[in-house]
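**Student:** Below are the chains, spelled out letter by letter.
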Amino acid sequence: MSTETRPLVEIQHLKEYFPINTGFFKTTPLKAVDDVSFTINRGETLGLVGESGCGKTTVGRTILHLYKPTDGLVIYDGKPIETKEDLAEYRTKTTMVFQDPYSSLNPRMTVSDIIAEPLDVHKLYTDPKQREERVLELMDHVGLNSEHASRYAHEFSGGQRQRIGIARALAINPEFIVCDEPVSALDVSIQAQVINMFDELQDRFGLTYLFIAHDLLVVRHISDRIAVMYLGKMVELASSEEIYDHPLHPYTKSLISAVPIPDPKIARANRRISLQGDIPSPLNAPSGCPFRTRCPYATDACAASMPAFEEIESGHFVACHRVNEINT
Amino acid sequence: MSSLLEVTDLHTSFFTDAGEVKAVNGISFFLDRGKVLGIVGESGSGKSVTAYSILQILAPTGRIVSGSVKLDGQELVGAGEKAMQDVRGNKISIIFQDPMTSLNPTYTIGHQLMEAIMLHTKRDKREAWDRAVEMLRLVNINEPEKRMRQYPFEQSGGMRQRIMIAMALACEPDILIADEPTTALDVTIQAQILELMQDLQRKLGMAIIMITHDLGVVAQMCDEIVVMYAGSYCERGTAEEIFYNPKHEYTKGLLRSIPTLDTMGRKLQPITGTPIDLLNLPEGCPFAPRCDAAMRICIRQAPASMDINEFHKASCWMNVKALAETEAALEDDGAADAAETPEGGDAK
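Residue numbers (my numbering), protein chains in the order written: chain F, 1 to 328; chain L, 1 to 348.
Mixed in with the good hints there might be a few duds.
Claimed, not checked - In silico lysine-lysine, DSS-like type, Cα no more than 27 angstroms apart, as pairs:
#, chain 1, residue 1, chain 2, residue 2
1, F, Lys-253, F, Lys-265
2, F, Lys-68, F, Lys-79
3, L, Lys-203, F, Lys-265
4, F, Lys-79, F, Lys-129
5, L, Lys-70, L, Lys-125
6, L, Lys-91, L, Lys-122
7, F, Lys-265, L, Lys-252
8, L, Lys-35, F, Lys-265
9, F, Lys-15, F, Lys-129
10, F, Lys-265, L, Lys-122
11, F, Lys-68, F, Lys-93
12, L, Lys-35, L, Lys-91
If you're looking for bench data, these hints aren't it; they were derived computationally from the structure.
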């Protein structure tokens, strides 16, 4: 990882609170993302993992300003996104691939219209012929047949629909794509096809990915670095090898030990670190470190304050008060 | 020695307006007391329909066309609704994938647990209450008395799945069918539930049929594995045999296509093509259109089940080819093995 070049995307103290009605005239903020900072380098894939409700999807959407951030800053290629003009320009370089290939494609539109929609929105062609050529080119990039252009989304299988979604994302020649669980709705044999396609497209077009997923083996396969979230906070970030071989945060440790390994000998010998209880409601998050209610190492200090997200080793960030004691 | 559950050549179809959908096409397996059997396959492979056929809880359009399901030597296919009611819940229980929708939101947890207990045993209300509390305690739910008075919406996903397990086990069934029990749950909660199931299986000595698409879950839980594709079974055998010595091209492809601990930085090897349309099953092997190793015979004729060894059966012509090649190399003896598969010559 090059350190001298500046990161493509820099997220500073990002917060996203949703107001929830908790009484007649009372709203309580649901802190979906609470003070998260990290960077994504050009050409890399940053994996973002965590359990449902931890805020990983919200992070992805807030980075793209699909939700207006409650607080904090997104800096893209050295330029903070603040004004409307910034945002308009930002949107021509960034895009998203969604989780559910069934609900993210309009059933009333043909495949060619779906793929061309970003071209229409950003007015990226001068005559209809150019538009059609671009659509066919995009379909070719994702391995779809040109004769599929006039069909509707319901005529396709899940894997092919996800290809349509990816072609649509590529339409604007993006630099940065947020992939929100793009393979979790797919069957195992199709998953591998789509994962390989993400790899190939990245090499070919120099794309940068934020890859959100809950399947840790998939994330590990595709990512250069991995960030782990718990209850709206980032708890650990390091290279893929580091996260798997030397996880430092107790949550990451238990998360990784909980992954069922598809190999009977390893799976049976695997010593799982089981966690007690469930994830607390984000409406009623514990004080201090959000993980302390399930953490086997929690002390009074953990309840008093949120640990800082610090670089413990080179490139390895952890937010834990007792990281040094636990890992000796 | 006869097995606890014996399924032989099961065929189940759904009769829809578009035609006959052959969801299960000749599945055979057996399950011994106290063992864990995994049924693995992708969506549409017929793994859930196999389970529903055993319990005969198919949708109205579905019907067991032929085959036999024997529980402890007793034939269940055609046994009648009355006999089946005695089997369901009592001898074979099932837990479903989605713990959010399989509990009734309008009744308390206690009501639903006690209903199952009173329906199947001769306990009165008070005894049923005690039994329900005991079951909740068994699945590690704290404050069971309080939970009994709560409603499903007050519970988290993992908690609801525990309640489903408690309900399924309340009548001490011989077999628990778990249909994707952890697919809707998070990884750390999944680990808790799988651990609980293993614990209970050891404690109560029941057999489990684990239906899943997650090869990791299978590797961790199962003694025996059946791999299904498009309603047919590809191979079955012990977990070690299936993972370390797969003998069907689909299983091999599946194992190659999943990311494991050592695929990092390498390309995955996906299975090409898309899953098959069950309305138009091909004549030959259903996997042949996607199989890289497909031979002419694969397209023309469906492979029969062949014995790989004592613990392992597979339906793939490649094994005949391999066998024929070994034959040619050995030339002289071992003729007895070749005689078992008369079509062997065609495969060459």
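**Student:** Compare the structure with each hint and give your call.
**Tutor:** Hint by hint, here is what the structure shows:
1. About 20 angstroms separates the Cα atoms of Lys-253/F and Lys-265/F, which keeps this hinted pair within 27 angstroms; it holds.
2. Annotation: proposed proximity of Lys-68/F to Lys-79/F holds, straight-line Cα distance about 17 angstroms (limit 27 angstroms).
3. Of the supplied pair hints, the one linking Lys-203/L and Lys-265/F holds, its CA atoms being roughly 23 angstroms apart against a limit of 27 angstroms.
4. Note on Lys-79/F and Lys-129/F: the hinted pairing is violated, with a Cα-Cα distance of about 35 angstroms set against a maximum of 27 angstroms.
5. The hinted pair formed by Lys-70/L and Lys-125/L fails the criterion: a straight-line CA distance of about 34 angstroms is larger than 27 angstroms.
6. A threshold of 27 angstroms between alpha carbons decides the hint, and for Lys-91/L with Lys-122/L the separation of about 16 angstroms falls inside it, so the pair holds.
7. Our distance criterion of 27 angstroms between C-alpha atoms is met by Lys-265/F and Lys-252/L, whose separation comes to about 18 angstroms.
8. Of the supplied pair hints, the one linking Lys-35/L and Lys-265/F holds, its CA atoms being roughly 17 angstroms apart against a limit of 27 angstroms.
9. As the CA atoms of Lys-15/F and Lys-129/F are separated by approximately 44 angstroms, the hinted pair breaks the 27 angstroms bound.
10. Distance check on the hinted pair: Lys-265/F and Lys-122/L sit about 44 angstroms apart at the alpha-carbon level, beyond 27 angstroms; violated.
11. Straight-line distance between C-alpha atoms of Lys-68/F and Lys-93/F comes to about 18 angstroms, which keeps the hinted pair within the 27 angstroms bound.
12. Restraint check for Lys-35/L and Lys-91/L: satisfied, since their Cα atoms lie roughly 15 angstroms apart, inside the 27 angstroms limit.
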